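Engineer: Chain order of the listed sequences is A and B.
Each residue of the first sequence is one higher than the one before, counting from 1 in the working numbering.
Each residue of the second sequence is one higher than the one before, counting from 1 in the working numbering.
Simulated from the structure, these hints should not be mistaken for laboratory data.
Just to be clear, a hint being listed does not mean it is correct.
Which copy is meant is left open, so a pair is good if it fits within one copy or across any two.
Below 30 Å or equal to it, Euclidean Cα-Cα: the simulated DSS-like pairs (lysine-lysine) are [claimed, not checked]:
#1 256 - 173
#2 228 - 246
#3 308 - 173
#4 76 - 315
#5 227 - 308
#6 173 - 209
#7 106 - 173
#8 228 - 118
#9 52 - 106
Note that the structure is a prediction, hence the values are computed from the model and not measured.
There are 2 protein chains.
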Amino acid sequence: MNQKYKLASFFLYKIMTPPLLLRVLQGELVDRPPVWLMRQAGRYLPEYQVLKQKYDFFTRVQTPALACAITMQPIKIIHPDAAIIFSDILVVPQAMGMVVEMHEGKGPLLPNPITSVKDINQLNTTEASIKLSYVYEALTLTRKELDKNLTLIGFAGAPWTVFCYMIEGKGSKTFDRAKSFCYQERDRAHQLLQKITQVTIEYLTAQIKAGADCVQLFDSWAGLLDKKDFLEFSLPYMNQIVTAIKPFAPIILFAKGVIHSLSELCDTKATALGIDWTITPQQARNITRHNIILQGNYDPAKLFQDQKNIQQDIKTMIQEFGKDRYIANLGHGLLPQTPVDNVRCFVDTVKNFGSMTK
Amino acid sequence: MNQKYKLASFFLYKIMTPPLLLRVLQGELVDRPPVWLMRQAGRYLPEYQVLKQKYDFFTRVQTPALACAITMQPIKIIHPDAAIIFSDILVVPQAMGMVVEMHEGKGPLLPNPITSVKDINQLNTTEASIKLSYVYEALTLTRKELDKNLTLIGFAGAPWTVFCYMIEGKGSKTFDRAKSFCYQERDRAHQLLQKITQVTIEYLTAQIKAGADCVQLFDSWAGLLDKKDFLEFSLPYMNQIVTAIKPFAPIILFAKGVIHSLSELCDTKATALGIDWTITPQQARNITRHNIILQGNYDPAKLFQDQKNIQQDIKTMIQEFGKDRYIANLGHGLLPQTPVDNVRCFVDTVKNFGSMTK
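Put together the whole structure using the sequences plus the hints.
Structural biologist: So, in structure tokens, the structure goes:
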């Protein structure tokens with residue numbers, strides 16, 4: 001009887017307990033940090049290269065079964081605690097009516113970037129999130145296939161970063177066209193940022209309904225702005241998104257290169273903040289007053305090291321962040337040539353953290 | 001008699017007083033900050049474009065009369081307090097024996113990057129600084145032509161940044177090949193960084209002998225490294241250069257994107273630190289404990305604004321840094337399409353600062 005009860009409790013616990021990443025995002029203290037890697041689904045995996053040879057970029061992104069298969073690849077190969085849906089931040093401007101092309105090795109191209117108020121007015125905001133149904137289908141498929149102990153992450157670009165591409169029309173080191181637009185056409189810039197924000201809220205809400213357990217917002221180009229401009233052109237829009245999304249699921253903000261505003265990012269009430277390696281764990285903990293869950297911040301280039309060094313680095317990183325209120329990750333996406341074994345070493349080292357320190 | 005004495009004193013003062021920028025670098029308190037702009041000689045000037053049509057990049061750099069003429073162009077057009085010699089940080093690897101090509105709109109290419117210890121051993125360190133005599137000639141010419149009230153700045157790339165190009169062979173967003181080299185071949189990396197450092201010390205010393213009143217070290221890619229790596233692969237070499245050069249002339253360190261180590265940069269005893277706009281003036285003053293001269297940090301993209309806004313921004317920037325122990329500049333180089341009138345507006349606003357606040 002007692003034995004049966006114990007067994008039943010164990011299975012009930014297994015069924016009822018949310019996966020590790022979600023537990024951390026809910027504020028629970030855990031034995032070891034959860035681990036996943038930005039860009040874990042994609043280019044460094046030979047299994048991904050096979051699909052890349054067969055299908056072009058938007059076929060891979062827009063075919064739910066393919067997007068699901070790609071999302072699941074790292075789960076089977078490197079065993080992280082979460083899957084992040086395979087997609088791209090530029091599906092949003094595409095759904096708003098812009099032409100988006102992906103050229104191998106050259107990055108994205110939007111051949112007709114926004115230049116006028118007419119262009120902004122022509123953007124489709126009412127149906128954009130509906131057009132992204134292929135993402136929702138991919139999430140639903142993946143959530144069914146994914147083990148219940150693992151978390152499924154949805155994502156979108158932050159409005160500022162999406163805006164950068166919509167104005168600049170392509171990648172850039174400085175995005176001066178996008179920035180000039182803000183300075184010369186301030187009201188128009190805000191009008192466009194607001195439109196992107198509206199679509200992004202609908203998009204992320206639908207991702208959660210479709211099966212995403214939590215979402216991450218990528219502000220990859222936040223670091224181009226000084227503090228004043230970041231507080232004007234980026235943060236308020238991320239804030240709107242956090243306010244709208246947080247009642248439905250945890251939300252992680254990853255704004256690259258904005259140490260100057262880490263304290264203000266903390267004030268958004270996002271569930272967690274992603275940080276890059278240009279700040280030390282201690283500095284980040286101090287600026288955020290030990291007040292928020294942090295995610296990051298290993299330099300992906302360091303995955304080219306010997307595994308011994310990687311293991312040592314990861315152990316140190318966890319100790320510096322502290323094992324609680326922490327999600328082990330990189331400070332930016334995995335690099336194309338990264339050895340798969342080293343990525344697995346990263347994941348395994350985090351997973352063994354509890355046992356290593358015992 | 002009294003009148004004559006006053007007049008004589010005035011002329012003596014005019015003759016004896018170093019130019020404004022040098023006075024600030026010597027610790028003197030002044031009426032208004034000195035002003036110059038990174039990349040003030042070059043691409044945004046129509047007068048430069050004329051010479052660019054006629055002569056290829058290395059002809060412009062390696063012909064002293066041409067380099068001098070280009071250096072002098074902004075002096076006559078925008079009237080800053082200092083001239084910075086027209087050159088390139090990649091003349092150092094070129095003088096060490098590497099092939100360096102400049103492709104219009106594509107950036108630099110080093111078709112035979114360093115891959116082995118043999119490549120490192122083959123680098124010419126003994127004659128490299130002699131091969132750079134065209135830079136010294138250009139400095140001597142320019143110092144003769146330049147008004148005595150203006151400062152002539154020499155420069156070099158910081159060893160880490162030069163190393164990045166020597167290993168990677170071209171520009172890159174992430175320089176992962178250069179970083180991987182550090183992680184996989186640590187000793188070789190240090191060996192190469194030491195060679196670059198040795199040549200750079202000889203090069204900057206010769207620049208000062210030839211007429212440079214002060215020098216700046218550009219660590220454009222410092223921000224790619226985390227703090228631990230910056231302290232291992234970049235800072236010690238800049239430190240060696242500061243120690244060797246400071247007895248002869250003031251030295252400004254401009255390391256982009258390393259807020260994490262601003263305090264350690266301060267400890268190098270460099271004369272001044274250049275900073276970019278990803279940190280606010282107040283944050284920079286706090287981290288450096290109000291203990292060093294700061295230079296920067298206007299976002300060059302903001303020069304696309306209306307002049308009214310530029311004027312307001314510059315006034316605020318000077319007030320935030322404080323008019324003393326401060327050199328007004330950008331946080332990075334001038335962008336190609338910047339309107340010349342706006343650049344002049346930047347310079348004029350700084351020059352009028354004293355009178356504006358009176």
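Engineer: If a hint holds in the structure, say so; if it does not, say that too.
Structural biologist: Now the hints, each set against the structure:
In this homomeric assembly, residue 256 and residue 173 come within 30 Å of each other (Cα to Cα) both inside a single copy, at 14 Å, and across copies, at 14 Å. With identical chains, the CA atoms of residue 228 and residue 246 are at most 30 Å apart within one copy only, with a shortest distance of 26 Å there and 35 Å across copies. When the C-alpha separation of residue 308 and residue 173 is checked against a cutoff of 30 Å, the pair qualifies only between copies, where the shortest distance is 27 Å, while the shortest distance within a copy is 34 Å. When the C-alpha separation of residue 76 and residue 315 is checked against a cutoff of 30 Å, the pair qualifies only within one copy, where the shortest distance is 24 Å, while the shortest distance between copies is 57 Å.
When the C-alpha separation of residue 227 and residue 308 is checked against a cutoff of 30 Å, the pair qualifies only between copies, where the shortest distance is 20 Å, while the shortest distance within a copy is 39 Å. Taking identical chains as interchangeable, the C-alpha atoms of residue 173 and residue 209 are never at most 30 Å apart, the minima being 36 Å within one chain and 36 Å between chains. With identical chains, the CA atoms of residue 106 and residue 173 are at most 30 Å apart both within one copy (13 Å) and between copies (12 Å). Taking the shortest Cα distances, residue 228 and residue 118 sit within 30 Å of each other inside one copy (28 Å), while across copies they are farther apart (49 Å).
Taking CA atoms no more than 30 Å apart as the test, residue 52 paired with residue 106 passes in both settings, with 15 Å inside one copy and 28 Å between copies.
The structure shown violates just one earlier hint, number 6.
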